[in-house]
Amino acid sequence: MSSSSILNIRGLRKSFGATEIIRGVDLELRAGEHRALIGPNGAGKSTLFHLISGNLRPTAGEIVFKGQRIDGWSPERINRHGLARSFQITNIFPRLTVFENVRIAVMQRRHVQYNFWRRIEGMRAIREEAEALLERVRLQHRAGTLGGEMSYSEQRSLELAMTLASDPQLILLDEPMAGMSAEETQYTAGLIRELTAGRTLLLVEHDMDVVFSLGDSISVLVYGQVIATGTPDEIRQDASVREAYLGEEHAA
Amino acid sequence: MLLAALPALLPAGLLIASNQMLVAALFASAYSLLSGRAGMLSFGHAAYFGIGAFATVHAMNAVGGAGLLPTPLMPLIGAAAGLAVGIVAGWFATQRSGTTFAMITLAIAELLHALAPQLKSLFGGESGISAMRMPAWGLDFGSTTQVYYLTLCWVLLSLALLYFHGLTPAGRLTLALRENGHRLRFLGYNVHGLGVSAFAISAMFSGLAGGLQALSNEAANYAVFDAGVSASVVLNSYIGGVGSFFGPALGAALMSFFGYAVSDITQSWMLYQGVLFVGVMMFAPAGVSGLLGSGSRLFAQRGWKLALPVTLLAVCAALLLSAGGVFIVEMLQRLCSQDYRAMAQAAAKLPTIALFGRAWSPGSVLTWALPVALLVLGAVLALAARRRLGANA
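Heads up: the protein sequence lines correspond to chains D and E, in order.
For the first sequence, the working numbering assigns the number 1 to the initial residue and increments by one for each residue that follows.
For the second sequence, the working numbering assigns the number 253 to the initial residue and increments by one for each residue that follows.
It is worth saying that the hints were derived from the structure and are not from the lab.
A portion of the hints provided could be inaccurate.
[As the list claims (entries may be wrong)] Okay, the calculated beta carbon distance ranges per label pair:
#, chain 1, residue 1, chain 2, residue 2, range
1, E, 408, D, 97, 27 to 33 Å
2, E, 530, D, 77, 44 to 50 Å
3, D, 97, E, 397, 41 to 47 Å
4, E, 445, D, 240, 55 to 61 Å
[What the hints assert, rightly or not] Here are some chain D residues the structure puts well away from chain E; computed CB gaps all over 12 Å:
#, residue
5, 17
6, 19
7, 23
8, 28
9, 35
10, 57
11, 72
12, 76
13, 105
14, 121
15, 147
16, 159
17, 199
18, 209
19, 217
20, 230
[Unchecked claim] To give an idea of the chain D side of the interface with chain E (calculated C-beta under 7 Å), a few residues:
#, residue
21, 69
22, 73
23, 75
24, 108
25, 112
26, 114
27, 115
28, 166
29, 242
Just so it is clear, CB atoms sit at the ideal spot from N, CA and C, and this is done for glycine as well.
Pulled out of the complex, with its shape left as it was, chain D reads as follows:
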């Protein structure tokens, strides 16, 4: 493990009953690196995210994040250790306002979750931080709208703001552009690039243009194993990757 490594996964396995979905994954991320994770449907990309973020417990193997083994930790403990994630299916508080969605994300780091003697409106630092985050994702004009009433791409921007609220060192984004138009995809890609500057990013995405533009490096997950890791150019050239993944994608 190199000294600049922030996430180190070794021999990770996950079975559901007799079916093994993750079959010995090794993956290392350097601090500040933007890594895209690609692979065909059913390769185990989302499962891998669930294992890293604590939504699922690994069957075997270890996950080391910032020098500590986090496999088996609860999601909230992993989050407080500096990891934030978004979900493949939009995961917000649909019947709360956009501002409130972000404010709830901001509140955690301020340790006010059991404060029932002060009005939230009176907490200026929290309000200002939530407003600043909304501005960064260009949603300040939507502050009073209910989260669930915004367009899909706006909800994705909101998720980005909530993900950023904990000031994480490592961000996992699970298909942030799924279901977006070309224009929305381009906009969101720009937003992600801007917001994740200086942080480590692990991104699952199907759109190859996004993958090649956002990822400094790419790992290919096929049938529960990482078959290749390299720069976008190296991945394009890799014969086994072309066979397993890019080939079918280009043929389609």
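Put chain E on the given structure of chain D with help from the hints.
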């Protein structure tokens, strides 16, 4: 203002009923912190109400009958007991959500209900425990009026605190917990801790309501643990509407008033309560407060020229439908009673039934045509109201 003036206006019997309305309103508001704001449906809130009542009675009897605290502060004992039991029960119950959560709360309440008659020293067995309100702070708390004002103060203070809770970080997180507990975990929150705190606060104010009841009755009986108490706080809250803050309190006040007014006149009060609940859930799921809200929106948006006739039609329809329903229920109830059967056997024919100051023959067509006509007319008016609303949409 009106609430403060009531003692001067009402006879003592009604004042006792008002006292019960206040307690029921607080209990429903405390319950709705959990079921409405936190989205956790508890079927066993009688447990915390009852614990509060018994703790208060024991505190009143403590120190040789002098009481642990001055009488006006007694409900605090109920609140503390509700909080303590709520933390323990909530710790277990909030491990699960949805149906499982509801079943655990039900089981905890039933456990207490089954256990209470056995533990005579704690719960006084069948006869319960009684206590005396001691004079304090220059007041003797002997009159209904003084007890009423004491209850009013505590209920208003508690409602203000419950409302305030919704404005604090803890309260906002309670809402978020209802909306999406899964997301909260990935924002770094301990969801179990948040659930326990919402549960415990709800149990604390339920215990306070129980304490107020014990203080006003100067007694507590294990019947406070009855499943019916748990059920009626659910019904009251949803009839009032858990979507708004004052809905549950309104529902509880209305229902306990009806209970007081009607239970002497009819034996079918429970049936009416059930029918009312089903009716509200089917036709106005947001409850009475939701109905009032949409009514006032109707006036504001469409103007009184449309809204007034629609409202009048709807009110008349509701009255006619209830009148027809009540008539049938009361007739059937009398017809099926044992007294009536004995009379019919003795007379060898169907005697007339006295109802609403008239004698009705159960064999006559007119007797049954009247309620049917009321129901049909009510339905027609309801349809007319709906059509007017629809035509001008």
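Which hints, by number, does the structure contradict? 4, 12, 13, 14, 15, 16, 21, 22, 29
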